[in-house]
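Visitor: Below, each chain spelled out in residue letters.
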Amino acid sequence: DGGITQSPKYLFRKEGQNVTLSCEQNLNHDAMYWYRQDPGQGLRLIYYSQIVNDFQKGDIAEGYSVSREKKESFPLTVTSAQKNPTAFYLCASTAGQGGLEKLFFGSGTQLSVL
Amino acid sequence: GQQVMQIPQYQHVQEGEDFTTYCNSSTTLSNIQWYKQRPGGHPVFLIQLVKSGEVKKQKRLTFQFGEAKKNSSLHITATQTTDVGTYFCAGPGTSGSRLTFGEGTQLTVNP
Chain A
16 DGGITQSPKY LFRKEGQNVT LSCEQNLNHD AMYWYRQDPG QGLRLIYYSQ IVNDFQKGDI
76 AEGYSVSREK KESFPLTVTS AQKNPTAFYL CASTAGQGGL EKLFFGSGTQ LSVL
Chain B
74 GQQVMQIPQY QHVQEGEDFT TYCNSSTTLS NIQWYKQRPG GHPVFLIQLV KSGEVKKQKR
134 LTFQFGEAKK NSSLHITATQ TTDVGTYFCA GPGTSGSRLT FGEGTQLTVN P
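Chains as they are written, first to last, in my numbering: chain A, 16 to 129; chain B, 74 to 184.
Any given hint might turn out to be false.
Dumping the calculated BS3-like pairs for lysine-lysine here, alpha-carbon to alpha-carbon at most 27 Å [said to hold, decoys possible]:
| id | chain 1 | residue 1 | chain 2 | residue 2 |
| --- | --- | --- | --- | --- |
| 1 | B | Lys130 | B | Lys109 |
| 2 | A | Lys29 | A | Lys98 |
| 3 | A | Lys72 | A | Lys117 |
| 4 | A | Lys24 | A | Lys117 |
| 5 | A | Lys117 | B | Lys143 |
| 6 | A | Lys72 | A | Lys24 |
| 7 | A | Lys98 | A | Lys24 |
| 8 | A | Lys117 | B | Lys132 |
| 9 | A | Lys85 | A | Lys72 |
| 10 | A | Lys117 | A | Lys29 |
| 11 | A | Lys72 | A | Lys29 |
| 12 | B | Lys129 | B | Lys143 |
| 13 | A | Lys72 | B | Lys109 |
| 14 | B | Lys109 | B | Lys129 |
| 15 | B | Lys132 | B | Lys109 |
| 16 | A | Lys117 | B | Lys124 |
| 17 | B | Lys109 | B | Lys124 |
| 18 | B | Lys143 | B | Lys132 |
| 19 | B | Lys130 | A | Lys117 |
| 20 | A | Lys117 | A | Lys98 |
| 21 | B | Lys143 | B | Lys130 |
| 22 | B | Lys109 | A | Lys117 |
| 23 | A | Lys98 | A | Lys72 |
| 24 | A | Lys24 | B | Lys109 |
| 25 | A | Lys24 | B | Lys130 |
| 26 | B | Lys143 | B | Lys124 |
| 27 | B | Lys143 | A | Lys72 |
For the record, the hints were derived by calculation from the structure and aren't laboratory data.
The model shown is predicted, which means the values in this text are computed figures rather than measured ones.
Using the sequences provided together with the hints, build the complete structure.
Guide: Pasting the structure below:
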């Protein structure tokens, strides 16, 4: 089946620790996105990448980092600089520009702080 | 920057009642998209509207795009328990390369 796979489903972070969330897609999409969702709120864009080896900051990039070394993979690292990391993280992809075509979402990773 | 606002934030209805959520943008949009997120799930694309004044229907769901392309609405006729979830509208930013989401309307349906 084609789609987006996020792992792990649940992740716990200790103080001062960096953690990495995985996102893999086999849709052959060029653009990939990371969104953060807090309870009862909308989706806020963290980072996005329109092509391999290139990515741009979204609205809330501080405390996060990404890489795009392969077309199918777009991992997100939540660094220790992110003081309030507890949230639901959603990865998405689209065949064209993300503002003009529909997004396909992964099933998400729930990150909590120990 | 662009803002997309949605109202209401929450809506509780009895099964069989109608439901409407409204979306307003601070800027003119080239298109608007609607997504549904079931409790514990991820957003799923419902529809995209492109033309000024456009109206599209999906069974009991009716989507409208305003004449000025700055607002949109989603209307559900005779809600069912399967309609439960959060409905988001989203519009492209000025560069067209990303979507800005509204805060969503959380719908609960009492059987």
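Visitor: Next pair to validate is Lys143 of chain B with Lys124 of chain B; report whether the Cα-Cα distance is within 27 Å.
Guide: With a Cα-Cα distance of about 11 Å, the restraint between Lys143 of chain B and Lys124 of chain B holds, given a limit of 27 Å.
Visitor: Quickly compare the C-alpha distance for Lys117 of chain A and Lys29 of chain A to 27 Å and report which way the hint goes.
Guide: 35 Å, violated
Visitor: Does Lys132 of chain B lie within 27 Å of Lys143 of chain B when you go C-alpha to C-alpha?
Guide: This hinted pair holds, its Cα atoms lying about 25 Å apart.
Visitor: Straight-line Cα separation of Lys117 of chain A and Lys98 of chain A no greater than 27 Å?
Guide: 32 Å, violated
Visitor: Can the restraint linking Lys129 of chain B and Lys143 of chain B be considered satisfied, given a maximum Cα separation of 27 Å?
Guide: At roughly 17 Å apart (the allowed maximum being 27 Å), Lys143 of chain B and Lys129 of chain B satisfy the hint.
Visitor: When you check the alpha-carbon spacing of Lys72 of chain A and Lys109 of chain B, does it fall within 27 Å?
Guide: 25 Å, holds
Visitor: Quickly compare the C-alpha distance for Lys72 of chain A and Lys29 of chain A to 27 Å and report which way the hint goes.
Guide: 25 Å, holds
Visitor: Would the pair Lys98 of chain A and Lys24 of chain A pass a check requiring their Cα atoms to be no farther apart than 27 Å?
Guide: 21 Å, holds
Visitor: Holds or violated: Lys109 of chain B and Lys124 of chain B, Cα atoms, limit 27 Å.
Guide: 21 Å, holds
Visitor: Quickly compare the C-alpha distance for Lys130 of chain B and Lys109 of chain B to 27 Å and report which way the hint goes.
Guide: Holds, at about 15 Å.
Visitor: Sort out whether Lys72 of chain A lies within 27 Å of Lys98 of chain A, counting only the CA atoms.
Guide: 18 Å, holds
Visitor: Going straight from one Cα to the other, do Lys117 of chain A and Lys143 of chain B come out at no more than 27 Å?
Guide: Judged against 27 Å, a Cα distance of about 19 Å means the pair holds.
Consistency note: the structure conflicts with the earlier hints numbered 10, 20, 25.
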